[in-house]
Amino acid sequence: MAATQDKSIIRSIDWLTIFIYMGLLALGWMSICGACYEYGEPKDFLSLASFDTRTGMQLVWIGSSLVLGTVILLLDDRIFDTFAYLIYTALLLLLLATPFLAHDIKGSMSWIKIGSFSLQPAEFAKFATSLALAKFMSSYGFRLQGSWRNLAISAALMLIPMALIVLQKETGSALVYFSLFLMLYREGMPGSFLFSGIAAVAYVVVGLRFSEQPALGGLVTMGDVYVALLIILFVLILLFVYCRPAAIQESSDYTGASGSFYAIRQRRYLYILLFAIGSIGLHLSASTLVDHLAEHQQKRIQVLLGLRDDPSGVGYNVIQAKIAIGSGGLEGKGFLNGTQTKLKYVPEQETDFIFCTVGEEEGFIGSAVVLGLFLALLLRFLYLSERQPTAFGRVYGYCVFSIFFFHVLINIGMVLGLMPVIGIPLPFFSYGGSSLWGFTLLLFIFLRIDAGRIRMTR
Amino acid sequence: MGVAATIVIIIYVLRLFSLQLSSDDYKLRADSNAFLHRIQFPARGAITDRRGKLLVYNQPAYDIMVVMKEQVGIDTLDLCRSLGITRDWYERRMVEIKDKRRNPGYSPNTQQLFMSQLSVKEFSQFQEKLFRFPGFYTQKRSIRQYTGPYAAHILGDVGEVSPADIEADSYYRSGDYIGTQGIERSYEKQLRGIKGSEILLRDVQGRIKGRYQDGRFDQQPIPGKNLTLSIDLELQKLGERLMRNKLGSIVAIEPATGEILCMVSSPSFDPRTMVGRQRGKKHRELSQDPMKPLLNRAIMGLYPPGSTFKTSQALTFLQEGIINPQTAFPCSHGFHFKGLKVGCHGHGSPLPLVPAIGTSCNGYFCWGLYYMLGNRTKYHSVQEAMTRWKDHMVAMGFGYKLGVDLPGEKRGMIPNAEFYDKAYKGSWSGLTVISISIGQGEVTLTPLQIANLCATIANRGWFITPHIVKEIQDDEIDTLYTRRRYTNVSPVHYRTVVEGMQRAVEGGTCHAARNPWYITCGKTGTAQNRGHDHSVFMGFAPRDNPQIAVAVYVENGGWGANYGVPLGALMMEQYINGHLSPESEQKAETFANKTISYGSYAR
Numbered sequence: 001m002a003a004t005q006d007k008s009i010i011r012s013i014d015w016l017t018i019f020i021y022m023g024l025l026a027l028g029w030m031s032i033c034g035a036c037y038e039y040g041e042p043k044d045f046l047s048l049a050s051f052d053t054r055t056g057m058q059l060v061w062i063g064s065s066l067v068l069g070t071v072i073l074l075l076d077d078r079i080f081d082t083f084a085y086l087i088y089t090a091l092l093l094l095l096l097a098t099p100f101l102a103h104d105i106k107g108s109m110s111w112i113k114i115g116s117f118s119l120q121p122a123e124f125a126k127f128a129t130s131l132a133l134a135k136f137m138s139s140y141g142f143r144l145q146g147s148w149r150n151l152a153i154s155a156a157l158m159l160i161p162m163a164l165i166v167l168q169k170e171t172g173s174a175l176v177y178f179s180l181f182l183m184l185y186r187e188g189m190p191g192s193f194l195f196s197g198i199a200a201v202a203y204v205v206v207g208l209r210f211s212e213q214p215a216l217g218g219l220v221t222m223g224d225v226y227v228a229l230l231i232i233l234f235v236l237i238l239l240f241v242y243c244r245p246a247a248i249q250e251s252s253d254y255t256g257a258s259g260s261f262y263a264i265r266q267r268r269y270l271y272i273l274l275f276a277i278g279s280i281g282l283h284l285s286a287s288t289l290v291d292h293l294a295e296h297q298q299k300r301i302q303v304l305l306g307l308r309d310d311p312s313g314v315g316y317n318v319i320q321a322k323i324a325i326g327s328g329g330l331e332g333k334g335f336l337n338g339t340q341t342k343l344k345y346v347p348e349q350e351t352d353f354i355f356c357t358v359g360e361e362e363g364f365i366g367s368a369v370v371l372g373l374f375l376a377l378l379l380r381f382l383y384l385s386e387r388q389p390t391a392f393g394r395v396y397g398y399c400v401f402s403i404f405f406f407h408v409l410i411n412i413g414m415v416l417g418l419m420p421v422i423g424i425p426l427p428f429f430s431y432g433g434s435s436l437w438g439f440t441l442l443l444f445i446f447l448r449i450d451a452g453r454i455r456m457t458r
Numbered sequence: 001m002g003v004a005a006t007i008v009i010i011i012y013v014l015r016l017f018s019l020q021l022s023s024d025d026y027k028l029r030a031d032s033n034a035f036l037h038r039i040q041f042p043a044r045g046a047i048t049d050r051r052g053k054l055l056v057y058n059q060p061a062y063d064i065m066v067v068m069k070e071q072v073g074i075d076t077l078d079l080c081r082s083l084g085i086t087r088d089w090y091e092r093r094m095v096e097i098k099d100k101r102r103n104p105g106y107s108p109n110t111q112q113l114f115m116s117q118l119s120v121k122e123f124s125q126f127q128e129k130l131f132r133f134p135g136f137y138t139q140k141r142s143i144r145q146y147t148g149p150y151a152a153h154i155l156g157d158v159g160e161v162s163p164a165d166i167e168a169d170s171y172y173r174s175g176d177y178i179g180t181q182g183i184e185r186s187y188e189k190q191l192r193g194i195k196g197s198e199i200l201l202r203d204v205q206g207r208i209k210g211r212y213q214d215g216r217f218d219q220q221p222i223p224g225k226n227l228t229l230s231i232d233l234e235l236q237k238l239g240e241r242l243m244r245n246k247l248g249s250i251v252a253i254e255p256a257t258g259e260i261l262c263m264v265s266s267p268s269f270d271p272r273t274m275v276g277r278q279r280g281k282k283h284r285e286l287s288q289d290p291m292k293p294l295l296n297r298a299i300m301g302l303y304p305p306g307s308t309f310k311t312s313q314a315l316t317f318l319q320e321g322i323i324n325p326q327t328a329f330p331c332s333h334g335f336h337f338k339g340l341k342v343g344c345h346g347h348g349s350p351l352p353l354v355p356a357i358g359t360s361c362n363g364y365f366c367w368g369l370y371y372m373l374g375n376r377t378k379y380h381s382v383q384e385a386m387t388r389w390k391d392h393m394v395a396m397g398f399g400y401k402l403g404v405d406l407p408g409e410k411r412g413m414i415p416n417a418e419f420y421d422k423a424y425k426g427s428w429s430g431l432t433v434i435s436i437s438i439g440q441g442e443v444t445l446t447p448l449q450i451a452n453l454c455a456t457i458a459n460r461g462w463f464i465t466p467h468i469v470k471e472i473q474d475d476e477i478d479t480l481y482t483r484r485r486y487t488n489v490s491p492v493h494y495r496t497v498v499e500g501m502q503r504a505v506e507g508g509t510c511h512a513a514r515n516p517w518y519i520t521c522g523k524t525g526t527a528q529n530r531g532h533d534h535s536v537f538m539g540f541a542p543r544d545n546p547q548i549a550v551a552v553y554v555e556n557g558g559w560g561a562n563y564g565v566p567l568g569a570l571m572m573e574q575y576i577n578g579h580l581s582p583e584s585e586q587k588a589e590t591f592a593n594k595t596i597s598y599g600s601y602a603r
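Chains as they are written, first to last, in the numbering used here: chain A, 1 to 458; chain B, 1 to 603.
If you're looking for bench data, these hints aren't it; they were derived computationally from the structure.
Misleading hints may appear alongside valid ones.
Lysine-lysine pairs mimicking DSSO-like chemistry, simulated, CA-CA at most 27 Å apart [said to hold, decoys possible]:
hint, chain 1, residue 1, chain 2, residue 2
1, B, Lys401, B, Lys338
2, A, Lys344, B, Lys69
3, A, Lys344, B, Lys27
4, B, Lys422, B, Lys410
5, A, Lys43, B, Lys209
6, B, Lys237, B, Lys292
7, B, Lys594, B, Lys292
8, B, Lys53, B, Lys69
9, B, Lys53, B, Lys470
10, B, Lys209, A, Lys344
11, B, Lys237, B, Lys140
12, A, Lys43, B, Lys121
13, B, Lys401, B, Lys189
14, B, Lys378, B, Lys237
15, B, Lys237, B, Lys225
16, B, Lys225, B, Lys53
17, B, Lys378, B, Lys425
18, A, Lys344, B, Lys98
For reference, chain A alone in the conformation it holds in the complex:
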């Protein structure tokens, strides 16, 4: 019995994802070698694999991750469903306890020391939250659309760990949870919510970007003018999308009764008016909002937006990252031959800025291959999610997609100077056991759930 189940598992596992995973692990280890290699040390494999070096330690993390993944694949897929809330609650308690147990590392209170290893519980909260969301949203008769209660509970499941992580002063890791709104959108959250969120970000960015240029005789800033134009543009788009007669007639709550058409339209006008008022309110409080951010975060945003030219301060990281990547050229400088990373010009090069090593040593070709692998992984997640027979599998799959997407989007975007400097790791590349284990758990649990679909459909 056990033997046939094993066989079916081997047949039903999505090997393509595992291949991509292995490929990323291998490239990731090469990058760690590039980032941690000290100039003048021997370059043979045995020295790189020595356990007293970071490259050797990363091999330990990779090996243990493979064991972890195998163990998960051997577990029964139903235990994730069964123990979802338990795991979630346990992780919340751990997160709650973390600031009290943690040592201060560069202002972050997120690391727990166990023996000679440090563990970052926040990295494990991602899969736990995903499981809890999947469990909740797959409960009998669950409906997101039209149920404010369900939406609120779903959001709360996301926001509680997020708040706990903010308490650990790991704002970057906390922001990851926002990505789960992508999953909510897939599960029926109105698109207008997502649209409002994106619009809000647009107001803040545009408002800040032009906040120092006066307009209309100094009464307002160019930021105000541009935001006003944006609001008008968005309102026009909303009016076009939601208030055309055709759009109203196609909507689900249109009954065809003549009074109902106007009622719907009136309600939609009201919403759009609220959107406009909210937009103005948001923009007016934008500067106040910025004042509430920590100073280094304010700076990071301002540097990214080009408000501030600060080559030795926060901007230094971004400039050095761009120099390192830009100097790689088409083919790169070769394994362990990067100069910028070897000579420590790039800060945090083995963690958040690991992609610099890829850019410098492997060049455009290597970087594009890495980006291609990530894209393949993301698209595979979507494909696998959509083939799930259960809402549990689908929701979990979208959570995995959203989290990976956010990490790749922010981390590589930051290194390329397209996104603000938000300190989150690049999956499978950044040095460290916690994040590698966290992503491995996230991914292999999904693969195990996916492998169980055969039984469900049979």
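Assemble the complex: chain A is given as a structure, and chain B must be docked to it using the hints.
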């Protein structure tokens, strides 16, 4: 959502494309980040005399370097004592080093120059205590050293480049050395060699981590070329000894080659005192000395040539047909005409040319110039005659720089028609300017030009531009220094003048130059000036196939025979015989010990 992810990845790939492939900008910035191009200085070429005796070489000197971050907590008092500096100096220097404006390359993690050019002795004393001063390092450099206290003006010296030097030649970087005087300057390009470079990897804190690609792109420095001077060190030594406590110059030229055998300018200084840290102080001292020891009088001193100039006049008058060797002019204690009087000493009258040169008759040459400038059958105007005269002078190497391979040469003064037109508002004649015929008046020459005049006579009508560098290692000297330059006077006339100069030695003003070994030709000069007369002599020997032509100029030395003749004779003897006879040696010692008092008036 798949579409969104795809779009994001495509944007990122495009961004990678623009960063990595569209420009080299980031590559260059990465290189300037990580690569430290450390310059390797080539050894400067050595300098020897014409017989291969070493004159200038390189010696190690040591710079004291400091790394600010590492030097905390040392005993500064102990350090100051060990280096022989004051506490005050130390404090000031530390502030200077940290001043990014004055020291743009400052980093607290890298070595900064604290003190430069310690001698080997100072260095070895400090080296013993170095362990007590963490953060302090020593760095070897090479500086110039000289084998003896001779030829300071010729050899010149080496100093740090000025901003103007850097502007003019991109080879130099701040802190490099460049020849500032003498041949160090005029042969800078040959002596300096070519800098090499090694590419070192520098980490973010400025620490050196090793060589880029194990030195594959390093370039070895190419050492500078050695120079062989035409100077004869023994002759130079004798000249400097003879000119002790006198102002003036001795220049000797090998007529056949134009090679300068010695170039003495007095007072001089010991070039060995001009190296290392005391250079600046010493230089300031010398530049304030009223006797101007830094001035190379041989090429910068502008003197009236006095009677030595008469030879050039004889040649001109002969060539122009104003006189022939038999022409005789009267002289009754000078030139008396229309109320103008140029004095002369007692001798027979009238005299033809050869004895006139031999006795240095003023009257003869005054008459010569008078007849030349007054000749209206040959020249339409006095201006035309004057122009012809000037052309002869210029062809003999006067009035313009000769083009010696030393910096700072002066051109001297040969007046022309325009000059006198301006000075006398067009109303002048041969009489007005008569004193130029005896090397007085407006005419000035450098001692080098006088020596060159003598060499030209020795060659009977041509010279090669005098030069001080005989050979350049693996290179040719400039063709300027191998090409004959002919004057406008026929060799026949030169033979007549040579006869006159022989007469001067054998029975005239230069009789003290007579010797049993070879026939000497000479001409004295006694140049009038504000103070006591200058004593001048030029001569060459042997008469046929001359080996040396010498000019001696002793300021305020009186008659040409007082100093000029004996000094010139000693120089010729030293060079031709290779040594001085015992009697001559005694004579040399006597002259070396003579002092001319110059009072205190500024020169």
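- Message: Hinted pair, alpha-carbon criterion (27 Å max): Lys53(B), Lys470(B). Please report holds or violated.
- Response: It holds: about 13 Å lies between the C-alpha atoms, which stays within 27 Å.
- Query: Does Lys292(B) lie within 27 Å of Lys237(B) when you go C-alpha to C-alpha?
  - Reply: holds (20 Å)
- Item | 27 Å limit on alpha-carbon distance, applied to hinted pair Lys378(B) and Lys425(B) | holds (24 Å)
- Satisfaction of hint between Lys121(B) and Lys43(A), Cα-Cα up to 27 Å: violated (45 Å)
- Message: So if I understand the rule, the pair passes when the alpha-carbon distance is 27 Å or less; does Lys237(B) with Lys140(B) pass?
- Response: violated (33 Å)
- Query: For the pair supplied as a hint, Lys225(B) and Lys53(B), is the alpha-carbon distance within the 27 Å limit?
  - Reply: holds (16 Å)
- Query: If you draw a straight line from the CA of Lys344(A) to the CA of Lys98(B), is it 27 Å or shorter?
  - Reply: Between Lys344(A) and Lys98(B) the Cα gap is close to 25 Å, so the pair holds against 27 Å.
- Task: Quickly compare the C-alpha distance for Lys344(A) and Lys69(B) to 27 Å and report which way the hint goes.
- Result: Holds, because 19 Å separates the two Cα atoms, which is no more than 27 Å.
- Message: Given the hinted pair Lys422(B) and Lys410(B), is their Cα-Cα distance within 27 Å?
- Response: Status holds; Cα separation ~23 Å.
- Query: Hey, Lys401(B) versus Lys338(B), does the alpha-carbon distance stay inside 27 Å?
  - Reply: violated (37 Å)
- Query: Has the given pair, Lys344(A) with Lys27(B), been kept, meaning a C-alpha gap of at most 27 Å?
  - Reply: It holds: about 16 Å lies between the C-alpha atoms, which stays within 27 Å.
- Item | Distance restraint between Lys43(A) and Lys209(B), which requires alpha-carbon spacing of 27 Å or less | The given pair, whose Cα atoms are some 16 Å apart, holds under the 27 Å limit.
Of the numbered hints given earlier, the model fails hints 1, 8, 11, 12 and 14; all others are met.
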